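Enquirer: Residue numbers (this note's numbering), protein chains in the order written: chain A, 34 to 338; chain B, 34 to 338.
Hint data in this document are derived by calculation from the structure and do not stem from the laboratory.
Take these hints with a grain of salt, some might be off.
The list treats identical chains as one, so a pair stands whether inside a single copy or across any two.
[Stated by the list, open to error] Mimicking DSSO-like on lysine-lysine, the simulated pairs with C-alpha atoms at most 30 Å apart in a straight line are:
#	residue 1	residue 2
1	Lys75	Lys281
2	Lys236	Lys287
3	Lys281	Lys67
4	Lys272	Lys285
5	Lys67	Lys272
6	Lys139	Lys236
7	Lys66	Lys275
8	Lys139	Lys284
9	Lys287	Lys108
10	Lys272	Lys38
11	Lys247	Lys139
12	Lys236	Lys66
13	Lys287	Lys139
14	Lys67	Lys247
15	Lys75	Lys236
16	Lys284	Lys67
17	Lys287	Lys67
Remember, it's a predicted structure, so these values are computed and weren't measured experimentally.
2 protein chains.
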Amino acid sequence: MNIEKLTDGILAGDYRSIARSISLVENSGYEIKKEIISRIYKNGNAKIIGITGPPGVGKSTLISNLAPLLAEHGKVSVLAIDPASPFSGGSILGNRIRMQANLSEKGIYMRSISNRLYNGGLSEYTWDITKILEASGSDFIILETVGSGQSDIDIMNIADITCVILAPGLGDEIQAIKSGIMEIGDIFIINKIDREGSYFAIKDIRESLNMSNKISTPVIGVNSITGENYDELVNNILKMEKKKGNDKYYKKLKMVIMETIYDYYSNYIDNINYGSRLIERDPYTVAEEILTRDSKKWKMGYNEL
Amino acid sequence: MNIEKLTDGILAGDYRSIARSISLVENSGYEIKKEIISRIYKNGNAKIIGITGPPGVGKSTLISNLAPLLAEHGKVSVLAIDPASPFSGGSILGNRIRMQANLSEKGIYMRSISNRLYNGGLSEYTWDITKILEASGSDFIILETVGSGQSDIDIMNIADITCVILAPGLGDEIQAIKSGIMEIGDIFIINKIDREGSYFAIKDIRESLNMSNKISTPVIGVNSITGENYDELVNNILKMEKKKGNDKYYKKLKMVIMETIYDYYSNYIDNINYGSRLIERDPYTVAEEILTRDSKKWKMGYNEL
């Protein structure tokens with residue numbers, strides 16, 4: 034396989050090269066992934082827009098509407114992280130197919146990946162894929178997660194702007210997770226504002242934000258059928274700054290470094306029969322042994338340990 | 034501070050030494066924690082019983098009943114991991130105070146810690162504390178979590194036996210998380226079996242377990258007011274084996290090793306101005322640099338980097 038040709042294809046914005054590279058990053062292990070990413074690392078300058086929120090608030094519909102509006106201001110790509118739940122699998126798939134058809138008609142590239150594929154490394158893979166989309170010339174990358182737990186919050190660290198979508202009439206569960214969600218949101222969107230309870234939903238979110246000293250965070254009520262207030266949403270997204278070069282930007286790159294180091298040591302430990310060490314020594318002592326004596330033998334690929 | 038005197042106190046089962054050691058493990062950093070744990074690491078032989086399930090199913094009441102029954106077969110300690118949610122904080126606290134009063138009357142040591150205290154290291158601290166309780170002579174350690182996410186599943190890896198509690202009449206959310214919960218449970222408890230819907234709740238769980246090839250996993254309906262079927266629950270807990278020395282046992286110790294290595298590198302990276310490296314080089318290249326060249330400078334305490 035010619036990686037150089039592939040990354041040239043990415044940089045030229047060739048959809049087949051992009052799709053092939055994403056599949057390689059997903060399936061081909063560390064060495065190939067590293068070769069792809071290191072070749073394209075410095076290219077591109079996209080604004081990553083995270084979209085998260087509980088199931089049923091209309092994220093797919095919102096993205097189907099938002100992506101073409103952003104496409105008036107630059108090249109748009111969409112990356113959707115699908116939940117692994119077997120209970121919602123079918124309906125999600127239907128949504129995805131409709132969304133992809135809708136977007137590709139308008140020349141917008143969309144890819145969806147399952148969050149079940151990865152054991153703990155989901156944020157890293159998500160970063161790899163956004164990097165490929167960025168290098169391919171995307172000005173905006175819309176990154177969607179289902180917003181149901183810590184892993185989604187981790188993924189949202191990759192975004193420059195995190196949009197949290199809620200809808201009127203959701204239950205107590207939302208109250209319970211709100212504290213976590215309130216912290217990560219840069220823009221709050223109340224979808225389905227034609228529905229009963231929308232005034233109170235907006236008021237409730239506004240008050241929670243004010244209590245969290247997030248007084249200038251926008252709360253925008255939209256109607257995805259009529260398109261009401263989408264112009265306000267787009268304007269807010271356009272005026273917010275990218276993180277590139279600031280603390281948050283380096284924090285997400287640190288996440289990639291840490292996941293690489295974690296994977297290395299996890300494999301390393303599995304190869305040294307650590308169980309026998311743990312009969313005589315506590316895990317802290319064993320960790321120190323590994324970090325000092327063993328670390329000199331380090332070689333990526335885990336083969337010569 | 035005299036750590037040797039403290040760990041002698043733990044080994045003698047002195048409650049003040051146990052409480053003081055747990056506070057030190059929680060608050061005093063790596064070196065003191067390591068000294069305490071390494072001194073007591075080989076002592077004790079407890080069976081750790083994890084209790085998890087959604088809020089409102091009656092976990093605290095069940096533990097208040099179960100602990101004295103287990104105390105007829107050996108020394109019992111209870112460790113409760115409290116949820117951080119500000120919405121349920123008040124009611125949890127009330128529960129804890131009643132539970133602690135109830136248990137201490139019967140000579141059962143109980144400690145509760147908040148899951149908000151730790152950023153990612155919760156499982157490690159939980160392991161440290163169970164280790165102290167084990168070394169103090171506990172034959173049974175009951176470990177309770179609120180069962181609301183991945184971190185609870187991680188904590189349950191520390192248990193020898195994981196009991197999942199559910200109650201009749203819970204909603205769709207439970208359906209959605211069931212697949213994750215079904216996998217970790219060694220015993221399923223349906224509390225409040227006097228309630229309507231209990232027959233179907235038991236049948237539903239039984240069928241889900243059968244579909245997951247967990248045909249021999251017990252499903253026990255209990256009534257925490259009358260004490261019905263608690264004898265069956267106790268018998269099942271007594272007859273299940275400990276993990277000490279098997280694969281699962283080493284897996285949890287690997288988790289402690291990995292968290293130690295992770296913490297070390299996370300601190301290390303923050304101290305090398307990694308941002309400047311990331312302007313020219315991708316994070317995979319920087320990770321490899323850190324693992325090779327930099328690793329020789331390793332020293333616990335992160336000071337001489």
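Enquirer: May I ask which of the numbered hints given earlier this structure violates, with the numbers listed in increasing order?
Expert: 2, 5, 6, 8, 10, 11, 12, 13, 14 and 15
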